[in-house]
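Participant: Sequence:
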Amino acid sequence: MANYRIEYVIQRADDDSDEFVEIGFGSSATWSDVDAALYAIDSDIQNRAWETESGQPDPSEVDEPSDSETGEQG
Numbered sequence: 001m002a003n004y005r006i007e008y009v010i011q012r013a014d015d016d017s018d019e020f021v022e023i024g025f026g027s028s029a030t031w032s033d034v035d036a037a038l039y040a041i042d043s044d045i046q047n048r049a050w051e052t053e054s055g056q057p058d059p060s061e062v063d064e065p066s067d068s069e070t071g072e073q074g
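At position 3 of the sequence shown the residue is numbered 3 (this note's numbering), and the sequence of numbers has no breaks.
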């Protein structure tokens, strides 16, 4: 029986740039069908549970607006 794993990379481009940079990555682990692997990834992304390396933002901060978007000065 075949096993499946989906690996992914999350990239982001800032509003003032067209260049995408990696902000996270992950894997579904091993599953007996593609749908189960997809479900695992969907859960990781919705729960902000992907992996990061040094210099990448914490997943919980990814969708927060920057200070320039909110008008706050830091």
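Incorrect hints may appear among the rest.
Unchecked claim - Restraint-style ranges between C-beta atoms, simulated for each label pair:
no.: 1; residue 1: 32; residue 2: 58; range: 30 to 36 Å
no.: 2; residue 1: 1; residue 2: 62; range: 32 to 38 Å
no.: 3; residue 1: 62; residue 2: 7; range: 31 to 37 Å
no.: 4; residue 1: 53; residue 2: 14; range: 16 to 22 Å
no.: 5; residue 1: 54; residue 2: 32; range: 18 to 24 Å
Note that these hints are calculated values from the structure, not bench results. Just so it is clear, the structure is predicted and the values come from calculations on it, not from any experiment. We put the CB at the ideal spot given by N, CA and C, even for glycine.
Participant: Looking back at the numbered hints, which does the structure fail to meet, lowest number first?
Facilitator: 3, 5
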